[in-house]
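For the record, the sequence lines run as chains A and B. Sequential numbering from 1 applies to the first sequence in the numbering used here. Sequential numbering from 167 applies to the second sequence in the numbering used here.
Among these hints, one or two may not hold up.
Only some residues are given here: those of chain B computed to face chain A with a beta carbon under 8 Å [to be verified]:
#1 Gln-559
#2 Val-564
#3 Gly-566
#4 Ser-576
#5 His-578
#6 Asp-580
#7 Pro-585
#8 Ala-606
#9 Ala-615
#10 Asp-616
#11 Glu-619
Chain A regions said to be covered by chain B (calculated; three or more residues, Cβ under 8 Å) [what the hints assert, rightly or not]:
#12 22-34
#13 127-138
Hints listed in this document are in silico derivations from the structure and should not be mistaken for laboratory results. Where a beta carbon is used, it is the ideal one built from N, C-alpha and C, also for glycine.
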Amino acid sequence: MEEDQDQLFAPPGEAWQQVSRKLVALRRLVLVITVALAGGIAGVALGLIFGLPAVLIVVGVALIALLWGLWLIPRNWRAWGYAERLDDLLVTRGVMYRRLTVVPYGRMQFVDVASGPLERRYGLATVQLHTASPATDAKIPGLPAAEAARLRDRLSALGEAQAAGL
Amino acid sequence: MTSTPEHESGDAGQRRAKPARVDPTPEHFRRLHPLTPLLRGWGFLALAIGLGGQDALRSGEMGRFGLTALAFAVVGMIAGLLSWWFTRYGFDGDALRIDSGMLNRRSRRVRLDRLQAVDINRPLAGRLLGVSELRLEVAGGGKAEAPLQYLAVDDAVRLRAELLARAAGIDADTPEAPERVVHEVPLDRLMWSTVLSGAFVAGVVFIAGIGVAFLFFRDSDITIGLLSSMLPGVIAIGAALWAQLGRNFAFVLAESPDGYRIRKGLLDTQHQTVPPGRVQGVAMRQPLLWRGKGWVRLDVDVAGYGGESSDDSQRTSTLLPVATYEEAAEVLRQVLPGSDPLSVPLTHAPRPARWLRPFGWKKLAYGVDEHVVVVREGVLYRNLTAVPHAKTQSVRIVQGPVQRRLGLASVHVDTTPGPVDAVIAHRRPEEARAIAEEQAERARLARKADVPEQWMARYRQQPAPRPDGHADGDGPPAASSERDQE
């Protein structure tokens with residue numbers, strides 16, 4: 001059975017193109033900030049109402065969430081992958097819910113490249129393909145800025161060359 | 167067969183605002199119907215009267231209220247008149263251009279080669295005054311692109327003919343193409359289908375239940391409470407009546423070289439036109455209670471229709487509100503030319519699927535032929551979905567943790583938003599991967615052979631205007647009559 005599963009999300013060629021390892025650092029940073037903020041607010045609020053035990057419980061929960069998240073992030077990072085083929089782009093992701101999306105270049109309506117302030121600090125960007133279907137789920141985060149620009153240009157060129165009406 | 171005309175797909179956004187240089191509106195552009203301010207403003211006026219009237223009743227100063235209402239009416243009317251005066255529409259090159267706004271001039275250009283559907287709607291008030299609303303559906307827009315509210319009925323019909331002719335790639339003066347009625351829904355069948363709908367039956371059961379309770383507690387003080395608790399049932403029945411009977415009243419489906427035409431409605435009427443090659447997917451559905459009668463309904467995905475609210479989408483996406491299986495099968499074959507989705511050989515889901523679909527797994531099946539992918543599912547509410555390969559937007563494999571344990575995966579064939587979703591659920595992993603890869607390949611090949619966006623343009627170069635796919639006797643006379651002028 002395990003072999004079938006691997007076949008299901010196997011790369012079309014040699015291997016999936018992976019996203020930048022810096023994504024792990026970025027996501028960990030975001031996680032730490034989020035947990036610190038949420039835990040801090042909850043801790044202060046509950047501490048004022050219920051006293052010290054509540055604060056300890058909040059700190060415990062926050063620590064567990066933090067550790068679990070820190071462990072999960074590299075796994076999730078490893079699951080991301082994409083492959084450019086002649087006529088379509090393949091994107092795979094997810095650990096619990098695994099997905100593989102095949103987007104024909106000819107179906108592309110537009111390509112988004114987004115880079116938030118934190119992403120920019122790490123020199124990363126997110127490329128997202130949009131088709132006429134909102135269900136199309138082709139987002140590639142954590143691309144180095146140069147790779148993101150290359151991918152965007154290549155995708156738009158290919159999209160134009162193979163464009164079809166709806 | 168000539169090659170498909172090239173389009174720049176890069177700018178799928180049809181509205182191109184040009185803040186830098188707004189051309190002055192050309193002289194030949196036309197205005198909307200002069201009654202527009204009145205029709206658009208009446209809701210606003212009613213609100214003002216309602217709010218002000220309440221206030222006036224409470225304080226008893228009717229004179230002041232009258233003055234306020236009058237002031238509101240005058241201001242609203244002037245604003246409406248100005249907006250009407252500065253809104254003009256017309257053709258600019260091969261696009262429809264709508265200029266509006268007094269201070270903020272806005273110029274919208276709607277590219278007609280991307281036209282997905284044209285609807286003429288007539289709300290009740292509009293029918294009384296002889297005006298109608300024209301809506302253009304263009305893919306990519308979240309909602310209908312620039313509804314033209316309101317036009318005189320003749321103008322709307324003429325404009326629709328011109329829009330369709332231009333979108334089809336033929337001469338703009340071509341008159342509206344003749345049509346052949348494919349299906350009319352008889353009133354008694356429509357009524358029965360309403361009565362047999364889930365919401366209606368639930369409402370009746372609810373009211374009956376409360377009625378029984380009422381008999382038991384006849385002499386107590388809770389009569390009013392019981393009666394008012396019947397209200398949800400009454401509302402459910404009313405909604406079911408309105409959704410099926412009111413909207414689909416006198417439903418006519420006709421076929422013409424311009425595509426499908428649908429006319430329906432009791433109070434508000436709708437005329438929809440969906441050009442050829444714009445159907446993105448079809449679903450045949452059979453609610454449990456219709457099974458005894460052998461009735462089904464057909465829903466379609468058309469790009470642009472589905473982007474609206476679910477209520478609107480249900481209103482616009484009905485291809486047949488109720489029909490016998492044979493009639494629906496016939497229509498299904500016509501909207502998906504070249505294939506018969508009902509006779510496509512289906513392969514069933516493997517046994518482990520029973521853990522995830524304990525009741526429906528035996529019914530779960532999918533199949534493909536040259537043109538469409540077909541998915542069947544449902545025990546109580548039967549459902550058959552067909553999506554043309556050429557309309558596949560993307561293909562996805564999804565596998566949840568339980569599916570992974572069972573050795574299953576689902577393949578989604580994505581289409582434009584709408585009521586039709588093709589999900590090939592719970593297949594073996596190796597099969598799922600093969601389906602996805604093959605579907606992507608089939609879609610690629612089918613796209614090349616798909617109906618071109620300017621669906622009539624190819625006839626201009628061809629002497630014989632009878633394509634193989636169209637079995638109707640009419641042919642496209644519109645194309646042949648104007649060929650000499652080109």
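Hints versus structure:
1. Interface hint at B/Gln-559: satisfied, since its Cβ lies 4 Å from the closest Cβ of chain A, which is below the 8 Å cut-off.
2. The criterion of a C-beta within 8 Å of any C-beta in chain A is met by B/Val-564, whose closest approach is roughly 5 Å, and the hint holds.
3. The interface hint given for B/Gly-566 holds, since its Cβ lies 5 Å from the closest Cβ of chain A, which is under the 8 Å cut-off.
4. About 10 Å separates the beta-carbon of B/Ser-576 from the nearest beta-carbon of chain A, more than 8 Å, and the hint is not met.
5. At about 7 Å, the closest approach between the beta carbon of B/His-578 and any beta carbon in chain A falls short of 8 Å, and the interface hint on this residue holds.
6. Given the 8 Å rule on beta carbons, the hint for B/Asp-580 holds: about 4 Å separates it from the nearest Cβ of chain A.
7. For B/Pro-585, the shortest C-beta to C-beta distance to chain A is roughly 13 Å, which exceeds 8 Å, and the interface hint is violated.
8. Of the supplied interface hints, the one on B/Ala-606 holds, with its beta-carbon coming within about 5 Å of a beta-carbon of chain A, less than 8 Å.
9. Restraint check, B/Ala-615 versus chain A: the minimum CB separation of about 11 Å is more than 8 Å; hint violated.
10. Given the 8 Å rule on beta carbons, the hint for B/Asp-616 holds: about 7 Å separates it from the nearest Cβ of chain A.
11. Contact between B/Glu-619 and chain A, as hinted, is supported at the beta carbon level, the nearest pair being about 4 Å apart and thus within 8 Å.
12. Interface restraint, the stretch 22-34 of chain A with chain B: violated (0 residues with C-beta to C-beta distance below 8 Å; minimum three).
13. Here's how the stretch 127-138 of chain A fares: 8 of its residues keep a CB closer than 8 Å to some CB of chain B, so the rule of at least three is met and the hint holds.
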